[in-house]
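Can you make the complete structure from the sequences, with help from the hints?
Heads up: the protein sequence lines correspond to chains A and B, in order. Counting from 1, position 580 in the first sequence corresponds to residue 578 in the working numbering; the numbering is continuous, with no gaps. Add 516 to a position in the second sequence, counting from 1, and you land on the number used in the working numbering.
Keep in mind that the hints were calculated from the coordinates and are not lab data. In this text, a Cβ means the ideal position worked out from N, Cα and C, and glycines have one as well. Be a bit skeptical, because a hint or two may be false.
[Claimed, not checked] Reference excerpt, derived from the structure (chain A facing chain B, CB under 7 Å, subset only): (1) R3; (2) E24; (3) H28; (4) E30; (5) M31; (6) R53; (7) F54; (8) G55; (9) M60; (10) H64; (11) R67; (12) R68; (13) A316.
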Amino acid sequence: MTIRRLLARVLAVARKRAHDHELENEIAAHLEMAERDARESGMTAGEARRAARQRFGGIEQMKEEHRDRRGVAWLENLARDFLHGLNLLLRDPGYTAMVTGVLALGIGANVAMFSLVDALLLKPLPFADPDRIVRIWESPRPGATNSSSTLDFLDWKRMSQSLEAIAAESPVSVALTGTGDPVRLTGKAVTADYFRIFPAAAAIGRTFAPGEDEPGAAPVVVLSHSTWRTHFDSDPGILNRKAMLDGEPYRIAGVTPVDFAGGDEVQFWKPLIFTAGMRTRDFHWLSVHGRIRKGATLVEAQEELRAIHASLQSLSPAWKRDWKIVMEPLEQVLVGDGQRRSMLVSFGAVVLVLLIACANVANLVLAKGAARRNEIAIRMALGASAGRLIAQSLAESLGLVLLGGLAGLSTGWVVIRAAVPYLPASMGYQSAPAFDGRVFAFAAAVALGVSVLIGMLPFLQTLFAKSGRTGALSGKQGLGVRGASGANLGVRRAIVITEVALSLMLISGALLLFRTLFNLEGLETGIRIENVVTASIDLPPQSYPAPARAAAFYESLMERVRAIPDVEAAGLSTFLPLRWIGNGEGLLAPGLASAINVRFKRVDPGYFSTMGIPLRGGRGFTDRDHAAAPGVVVINDALAAHLGEAAGWTNVLGQSARLTTPRYTDRKGDLREVEIVGVIRSERTAGPGRPDPLVVYVPLAQAPSPGVELLVRARPGAATVLPAVRAALRQVDPLLPLGKTMTMEEVRDTNLSGVRRPAWLIGVFAGVAALLASVGLFGVLSQVVFLRRREIGIRMALGARPRQVVSGVLRSAMAMVAYGLGLGLAGAAALSSVMKNLIFGVSALDPAGLAAACGAMAFIGLAAGSLPALRAARVDPVTTLREE
Amino acid sequence: MDIPYGTLDLLILKSLETMGRLNGYALARRIEQVAGESVQLSQGAVYPALIRLQQEGWIRAELGVSETNRQVKFYSLTAAGRKQLRIEVANWEKGAALVARFLQGSAR
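In structure tokens, the structure reads:
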């Protein structure tokens, strides 16, 4: 068939009525002319009419053939069945509303979840050829990754052939002045190749040119689109202005496009210029990204870099000779395994919800289908093909699913809109969850699948029902109903059992995650976090060129902060508590075979007491540990234990060691003699299950840092102390803005969000699932009672007591629940290996949780069964017996 | 005999080529006349064939007035239809020649 004809036939379906009318007219005209000719040849009127009809042939057959020839029969049928289905839906608005609601929940949850998963896991990174972008780390031991040193980075840059671009970056924070109040901007110092790896077509101006990262180059800056908008009023003439960063004028090279990835958190980029002091191999501070040359593979690039690293190993300090180099695709780095797993578990949960929703809808459709079984049976008896009946059933359910799909899309949209502000920015989205063509396609696919699933049911039920044809055709309505209590109810029971099983799996999974959450909240963080706010402070090197200036600044700031009436305690630290501690340093001690790599944290004397970190031995820092005093350190008990083992010390207190200590501004370290004066209990720096890192604490006064975190504990019940802290800062340095502020609860929560997210999501889904399961249970039990009303009537007429009737109905309900629970327990056991990685402090087959989940489902079953049971007991025997 | 399967299209196209515009009745009569007494045609059979040819774009239908003063469709060949007719005639002659040769060969 030519395409033209196909098109014409499809169009003909739409014009069916007009075509039929035309044909009627043609036939009439034809017969008229034939009659006239016949009469002219001498026949009587009656003879002529008969002759004309006879010559014409079978009119109805011809019409049928005409219709078949011109149109597409199945399309016509589909359209008719679809309209018929819509008509049925309109006639029963209660049923329609119920099904639409259930589908809206199921499809909506899936659509919302899909758009999250899509944004997080499926969509490629929004850069050209994202699969060629890699992250490069130094690695002290297998599985651990470390930042890179300047000289190592420069070696890779110089020698690598398989990378077409390689760039280093380091976070920077500056005070922007001259645009109103001073504000703190966080950004990145990047080498000039950065924008070759992450290409950005500048919205205004340009990005960096080669050579702008050379020493002596004029200071330039690239602004993010949002910085340009917020702090420069979207000035189109921005290129003619200068930005005052830390009191120094920067020429503005350009503005990134509005959708440049990562633009939200990075407010500006400036060239990273390596000063002589930064060119070392023992200070690790650079994040390095590369772009693999076209034609080279990841493996080739990895091998080449490994070879480069091996050839230069002799230049490395002795303590990092056995370090390796690691190159990973960026995508893998952005979305960690844990996150991937938690997203997939959440997605699995919504799929369960969808299945339960389908089961419920199937139940409703079956209840409805019971009424139509006679129609189906008659049509089969009259010779309708199975295919035709399935097609009809599908077309009818299509209307239902279209409604449900639309409702689901709207629900999903609302959910996403509501949820997006609460999604942590740290989730590493490649792009914001959006409602785009991919989500629509997904919704359509889900709706179609659901439609097939529930559309097949009434037909299958009739096809396989033993009493199907004969029962329906025997003509007695009563027989039909009684027949329905066989196969029909069997299917519906199976559905309810499945529903109970799926709900149990969801509820027990949710309970596990909630218990994990609970365990984590109650987890000994090792610190007091109540009423503590944190704020970052960065001293611009121009105004604070020497460490002594910084030390003086910290001293006078803390004096003022501690004087604020509502402040109970205050401290300073170079890293937030509960957060990863950067900067590995080497620690050498007598008795140690080689230097050990330790985390290095500078704190002031108030830090330990502010955070309530208990001393295990020795002392903390005091004001007497100033720059001129002998070097002292406090270590955590993880390091104490390690030293005890490695160096054979029985008591670490009073031992002396040598420690590489970073200088104030440049990136060189000095080896300094220090005495271990105290041991504190290890602070948590990561989620549960990770070993505590080895940490050395150094007095801030003995190793000042230009950037610190201020920690302020307010008195219980006090209003926020931040305004007073800001005022104190202004008194010390009016040009210095306060950086990012957070409460310690927020700090903790961002660390735990990996668990919290699926816990809440799955909890909500479990609630929805339990609701759907109870609705389904209730529906089936009501139906059972309705179908058994005759039997119950007879029993009661024969003397059965209402209580016996009630217990009978309840028993059948609980039997279904029990089967469902058994299946659900098996399912939960099957899923335990998936859950194992997401939970903490609770077994994947937690008996208490499973018992609680079973109890909840049993209660729901009991509740759903009671109402129909009581109704059964109220059945008046006379009425039901008279019904037939 | 009945009209051989698949030849009705050819007969219709050829009739329209010869006669120009025809309505359904006149077309059926024309085929009957040319065929003489040799074929039995249910006149109604032309209508399903006509709609098919029309959908293929080989003939076009215009409304006209019949001898009985009624609005009916008049059919005529399109350019594509003329081309199709040539193809079908060629096919038919080829097929007929093949069958003829075959029959002669078997008769020998």
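Q | Given hint R53 (chain A) near chain B, where the shortest CB pair must fall under 7 Å | A | 5 Å, holds
Q.
Checking hints one by one. Is R67 (chain A) an interface residue toward chain B, by the C-beta closer than 7 Å rule?
A. Nearest chain B Cβ about 4 Å off; hint holds.
Q.
Next item in the hint list is M31 (chain A). Is there a CB on chain B closer than 7 Å to its CB?
A. Holds - the Cβ of M31 (chain A) comes within 7 Å of chain B, reaching about 4 Å at its closest.
Q | Restraint satisfaction for A316 (chain A) [CB to CB of chain B, less than 7 Å] | A | Violated, about 87 Å.
Q: Let me know if the C-beta of F54 (chain A) comes in closer than 7 Å to any C-beta of chain B, holds or violated.
A: 5 Å, holds
Q. Do the numbers back the hint for H28 (chain A), that is, is its least Cβ distance to chain B under 7 Å?
A. 5 Å, holds
Q: Grab the minimum C-beta distance from E24 (chain A) to chain B and call the hint holds if it beats 7 Å, violated otherwise.
A: With a closest approach of 6 Å, the E24 (chain A) hint holds.
Q: Could you check if R68 (chain A) really has its C-beta closer than 7 Å to a C-beta on chain B?
A: It holds, given that the least Cβ distance between R68 (chain A) and chain B is near 4 Å, below 7 Å.
Q: Under 7 Å, Cβ to Cβ, is where E30 (chain A) needs to be relative to chain B, so tell me if that hint holds or is violated.
A: 5 Å, holds
(Q) Under 7 Å is the threshold here; is the Cβ of G55 (chain A) close enough to any Cβ of chain B for the hint to stand? (A) Check passed: Cβ of G55 (chain A) comes within 3 Å of chain B, closer than 7 Å.
Q: Let me know if the C-beta of H64 (chain A) comes in closer than 7 Å to any C-beta of chain B, holds or violated.
A: With a minimum Cβ separation of about 5 Å from chain B (threshold 7 Å), the hint on H64 (chain A) holds.
Q) Is the shortest C-beta separation between R3 (chain A) and chain B less than 7 Å? A) Hint on R3 (chain A): holds, closest Cβ of chain B at ~5 Å, below 7 Å.
Hint violations for this structure: number 13 only, all remaining hints satisfied.
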